[in-house]
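Given chain C's structure and the hints, the job is docking chain H onto it.
Take a look at the letters that make up each chain.
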Amino acid sequence: MAEKLLFIVFAAFAVAGALGVITRSNVVHGLILLVFTFINVAGIFLLTQAHFLAVIQILVYAGAILVLFAFVVMFLNLREFQQEEQFHRGQKWAVVVLAPVMLAEIVFVVTAVTWSSVGDGFTPEAIAAQGGNVMVLGEQLFTKMLLPFEIASLILLVGMVGAILLAAKEDGESVCLREWDDDDCVSASLVEREV
Amino acid sequence: MVIPIEWYLVLSAFLFAIGAAGVLMRRNLFIVLFSIELMMNAVNINLVGFSRLHENLIGQNFVLFTMTVAAAEAAIGLAIVTALYRNRRTLMVDMFDVMKG
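The listed protein sequences correspond, in order, to chains C and H.
The first sequence begins at 1349 in this note's numbering and counts up by one.
The second sequence begins at 354 in this note's numbering and counts up by one.
Okay, chain H solo, but in the shape it has when bound:
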């Protein structure tokens, strides 16, 4: 391997930490969704790096499934965003503190 596996893992750790920080500290629901996508990408980098290390393609196949889940998650997440905005007229996550309605 030309690029050591640790580099992939460290880069992925950076992106994951940034994504986790974004989920925890931002109030805007959109930025929270963006951060989730960032974390999913961090996982993808790990999978691709390990696929290269182990010299097989299972990791790369798995990235395809992760992307499928990310697409479904984005669609449902955005549907929830529009439903929430229609019902509550806000997108700040700390305003959504009751389950009903």
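Isolated chain C (complex conformation):
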């Protein structure tokens, strides 16, 4: 019973944080609310006895990935965008109607289906008897999931190289807001001073 209650609390906080992320005009506020949402999701992982994932959720998601976001947010001068229109003008109302419709569809399907368990035997009690969630998860990761694990390392490598390539500066080029409008062009050195 206590678990159900905690689930509802975590879920409510997560959804509230997520709603905050997509409605705030200040990007930094959105970032903090996203961290809040992720920590609540980590709480739900804990309730599900996925201990390792709960820790990884906080370390990697709320820690590493969002700190990366925070760095880039601080690099760029975002204050000027707060005065601008934050939502697509016409599209906004279409989304306000269609997103709840999609949600209702998913909820309808999910509650209509009867879910049955495969029952592979890795109950929390069995996992605890075998040395705990981290131990069993690690064992499976390095035996059953070895090939995907190696591919994941490749994805990280490609991501790193791609990020460096994309963010590298090309010097000596003038920069235009609109390509067809020469008046908008500013020199690369000026932009570099500002960025």
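These are calculated hints, taken from the structure and not from any lab test.
This structure is a prediction, so every number in the text was calculated from the model and none was measured.
Mixed in with the good hints there might be a few duds.
[Stated by the list, open to error] When the alpha-carbon atoms are kept at most 25 Å apart in a straight line, the in silico SDA-like pairs for lysine to any residue are as follows:
| hint | chain 1 | residue 1 | chain 2 | residue 2 |
| --- | --- | --- | --- | --- |
| 1 | C | K1517 | H | F403 |
| 2 | C | K1440 | H | V376 |
| 3 | C | K1517 | H | I411 |
| 4 | C | K1492 | H | F403 |
| 5 | C | K1517 | H | A425 |
| 6 | C | K1517 | H | A432 |
| 7 | C | K1440 | H | I389 |
| 8 | C | K1517 | H | V376 |
| 9 | C | K1440 | C | L1426 |
| 10 | C | K1440 | H | V385 |
Then chain H, alone, in the frame of chain C:
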């Protein structure tokens, strides 16, 4: 299972719908990236819930790979954000309407 699987699925549906709405209606590129992360988290909740339902750990292993992809996606997405900002001096997604440059 103490918590019924439907609860996980409904929570995940909520987060996914909110993330999809954020991608479609916000103009700020950062918020669009945040919304994508929200949708990925919704998927992770589903995977963990099903892993608990089926009493095996394949779902939890998969969440690790989803997080790997999310990390790579965040790195590349942010590199694109800085490149776009340097070239166009704006972050509003509807301003990026030509492919070249």
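Tested hints:
For a cut-off of 25 Å, the pair hint linking K1517(C) to F403(H) is broken: about 45 Å separates their Cα positions. About 11 Å separates the Cα atoms of K1440(C) and V376(H), which keeps this hinted pair within 25 Å; it holds. With a C-alpha separation of about 42 Å, the suggested pair K1517(C) and I411(H) falls outside the 25 Å cut-off, and the hint is violated. Note on K1492(C) and F403(H): the hinted pairing holds, with a Cα-Cα distance of about 18 Å set against a maximum of 25 Å.
For the hint pairing K1517(C) with A425(H), the CA-to-CA distance comes to about 20 Å; that is within 25 Å, so the pair holds. Proposed proximity of K1517(C) and A432(H) is supported: the alpha carbons are some 11 Å apart, at most 25 Å. Under the criterion of a C-alpha separation no larger than 25 Å, the hint pairing K1440(C) with I389(H) is consistent with the structure, at around 17 Å. With a CA separation close to 28 Å, the supplied pair K1517(C) and V376(H) exceeds the 25 Å bound.
Under the criterion of a C-alpha separation no larger than 25 Å, the hint pairing K1440(C) with L1426(C) is consistent with the structure, at around 22 Å. Proximity of K1440(C) to V385(H) is assessed by CA-CA distance (about 14 Å); at most 25 Å being required, the pair is judged to hold.
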